[in-house]
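Student: Below are the chains, spelled out letter by letter.
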Amino acid sequence: MASAVDESVTTSPPSRTDLAGRGRPRGNPWRRPWAMEGFTWLYIVWSIVPIAIAVLFSFNKGASQATWQGFSTKWYVGNQVTSVLHNPSLHQAVIQTLVLAVLTTLICVPIGVGFAIGIDRWRTRTSNGLNIVMIFSFVIPELLLAVALFLLVTQALTFIKLGTPAEVAGLVVWNISWPAIIVRARLVSIGRSYEEAACDLGASRLGAIRRVLLPLLMPAIFASAVLVFASTVDDFVIVEQLSSTANTQPMSVLIYSNVHAGLSGPALNALATIMLLLSLLAALIGFVGYRWMSRGERTKSTAEALTGIAGI
Amino acid sequence: MAALDETHDRRNRGLWIALALPGAIWLLVLFVVPFYVMLSVAGGGVNEFFQTVVPIWNPLHWSSWNFSAVWHDIFGTGAFIGPSALRTLLYTAIATVISLAIAYPVAYFVSRYARRRKTLFLVLLIAPFWVSYMMRMLAWIDLLQQGGFFNSALSFVGLPGNTDWLGGKSVTVILGLVYGYIPYVILVLYAFLDRIDQSMLEAARDLGLSKWRTFCHVTVPLSKPAIIAATFITALPMLGDYYTNQLLSGAAGTTMIGNAIEGQLNSPGEIGQGAVLSLMLLVVLLIPMIYYVVSTARASMENA
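Each protein sequence line maps, in turn, to chains A and B. The first sequence lines up with residues 1 to 312 when you count with this note's numbering. The second sequence lines up with residues 1001 to 1304 when you count with this note's numbering.
Simulated from the structure, these hints should not be mistaken for laboratory data. Here the structure is a predicted model, which is why all the values come from computation and not from measurement. Honestly, I wouldn't trust all of these hints.
Output of the computed footprint for chain A on chain B, the stretches with three or more beta carbons under 8 Å from beta carbons of chain A [claimed, not checked]: (1) 1035-1043; (2) 1084-1093; (3) 1280-1293.
Quick list of the computed label-pair ranges, beta carbon to beta carbon [said to hold, decoys possible]: (4) A:56 to B:1160: 37 to 43 Å; (5) A:128 to B:1283: 41 to 47 Å; (6) A:202 to B:1013: 46 to 52 Å; (7) A:261 to B:1050: 25 to 31 Å; (8) A:39 to B:1060: 58 to 64 Å; (9) A:157 to B:1021: 17 to 23 Å; (10) A:157 to B:1197: 49 to 55 Å; (11) A:106 to B:1050: 15 to 21 Å; (12) A:48 to B:1082: 36 to 42 Å; (13) A:102 to B:1075: 45 to 51 Å; (14) B:1219 to A:210: 44 to 50 Å; (15) A:49 to B:1167: 44 to 50 Å.
Selected chain A positions facing chain B (in silico; Cβ < 10 Å) [said to hold, decoys possible]: (16) 51; (17) 52; (18) 59; (19) 64; (20) 66; (21) 114; (22) 148; (23) 161; (24) 275; (25) 280; (26) 288; (27) 292; (28) 293.
Glycine residues also receive a C-beta, built at the ideal position from the N, C-alpha and C atoms.
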């Protein structure tokens, strides 16, 4: 009797073993994929260890990048000639990077957010065309945009001087797609009902935007600000083409031109480490801020916040 | 409801235009106009005496002078652009394939199997995204130099450890490109793979497909858009890359099309030819770019 029950249980839904009998035997589907996991860890080691070594050697006592000669901060502050603090071209590069990043973020984010809201609501052939122009600015290879901008400011709009003005103008147009795309995606997911409700309750259109829509958009605006800031710190092609004198060269350009001239050394590693810390700080602020701003929404997972802040 | 939206929108059209205007002007003046300037410079001439560019603003008067000069550089005797154009395609193709081959298993693992450790893996995968490109190249320059760690490691395992990796090796440049662009590939693949509905895979398994066949017949077709997007996102910047090979090799034997453009831009008499070359690259890339833009725009319309 007991065995009959057993049989009926195993036959009614086609069980795992039945199917395995038909095809190849299958393994446990919950088995951990060790090979893939090992490969992932190998990739992570490969992607991070070289950077860690470069950071480590910025604290080397000697000038070598292959032999460890003891810990020292001389390449940051100690050395009177070549340290980042004392070498004027190095600390000028740090300042220039910060100036560009702050100015670009301050200009780019407001006009990008306005663009996203305007385009989303305007909905005519003109706005669709502008949207397409914006997406093109996102996919165009940076070198082509940089060449076009260089020709623009040297041949046509010569009142935009090479150097900081041209660099900021170019960085803003290169980065405007971040706020525009991220904020637009958020607008779509919010929908119109909150705004309509505010208007029905007597708010003006502008008031509804300011008091209802902008607070709802805040996580997206913040995430895009962090992305614009970090991408400006990291930028190389546009600033290289549009910088003029050494005074307007940010860190990335300085590192490039020094390495290109065969002048790499621990002070350069120190400069790159400062750049790294700047970006990581932006990422950290971005992550914490994003989580704080989107608190109270359906509980967001850490993974979602991470991908949100990386713009994907 | 939709009708209500539209009347509201029409009444507030002025507001929407005002909001979009600063960004729109910025994009037109600093994105659309520059490419017209590029055309005018390419169709313009050179002042022989001062060696300066003379742009021609009227399209009816554009000359083919720069174009024929570039044509000569590509196909004529002693042409130097043709080989670097071919090399660019080759490097980009190889580097893209290697990037996808490394990135796919990593993204697949993290999206499907990482489970509770997803956050940890995402932090580690996103970390290089926040490290500047120059820093990452600098790190490899340190490792690959003649007395560097890489050569020491090679001689430690009994291989010749005195190779000059930075002296003009294609391998170094290609691996540099892979190292530089792979974080983007992984993030894009992850973003797509993570959205694949797990129940589809479970359904395939329940219907009797083996693990491998589920992967081939369900996961791979579903991740085709991811692979296309990742290919675009890496191949487009790689095609305009000129700094990776300069940093990791600097030799004439590894120059890419970006180097030719950059070189011409920096020698005053050849700026017009630089503009022509940029336009040629733009025309070639326009087809994949339009495909990408159209599919993105269509996706955003569907969502809206």
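Student: Indicate, hint by hint, whether the structure satisfies it.
Tutor: Here is what the structure says about each hint:
{"no.": "1", "hint": "1035-1043", "result": "holds (count 5)"}
{"no.": "2", "hint": "1084-1093", "result": "violated (count 0)"}
{"no.": "3", "hint": "1280-1293", "result": "holds (count 6)"}
{"no.": "4", "hint": "A:56 to B:1160: 37 to 43 Å", "result": "27 Å, violated"}
{"no.": "5", "hint": "A:128 to B:1283: 41 to 47 Å", "result": "24 Å, violated"}
{"no.": "6", "hint": "A:202 to B:1013: 46 to 52 Å", "result": "22 Å, violated"}
{"no.": "7", "hint": "A:261 to B:1050: 25 to 31 Å", "result": "29 Å, holds"}
{"no.": "8", "hint": "A:39 to B:1060: 58 to 64 Å", "result": "59 Å, holds"}
{"no.": "9", "hint": "A:157 to B:1021: 17 to 23 Å", "result": "19 Å, holds"}
{"no.": "10", "hint": "A:157 to B:1197: 49 to 55 Å", "result": "50 Å, holds"}
{"no.": "11", "hint": "A:106 to B:1050: 15 to 21 Å", "result": "39 Å, violated"}
{"no.": "12", "hint": "A:48 to B:1082: 36 to 42 Å", "result": "39 Å, holds"}
{"no.": "13", "hint": "A:102 to B:1075: 45 to 51 Å", "result": "48 Å, holds"}
{"no.": "14", "hint": "B:1219 to A:210: 44 to 50 Å", "result": "46 Å, holds"}
{"no.": "15", "hint": "A:49 to B:1167: 44 to 50 Å", "result": "24 Å, violated"}
{"no.": "16", "hint": "51", "result": "5 Å, holds"}
{"no.": "17", "hint": "52", "result": "8 Å, holds"}
{"no.": "18", "hint": "59", "result": "13 Å, violated"}
{"no.": "19", "hint": "64", "result": "8 Å, holds"}
{"no.": "20", "hint": "66", "result": "5 Å, holds"}
{"no.": "21", "hint": "114", "result": "4 Å, holds"}
{"no.": "22", "hint": "148", "result": "4 Å, holds"}
{"no.": "23", "hint": "161", "result": "14 Å, violated"}
{"no.": "24", "hint": "275", "result": "5 Å, holds"}
{"no.": "25", "hint": "280", "result": "6 Å, holds"}
{"no.": "26", "hint": "288", "result": "13 Å, violated"}
{"no.": "27", "hint": "292", "result": "17 Å, violated"}
{"no.": "28", "hint": "293", "result": "19 Å, violated"}
In terms of the numbered hints stated before, the structure departs from hints 2, 4, 5, 6, 11, 15, 18, 23, 26, 27 and 28, listed from lowest to highest.
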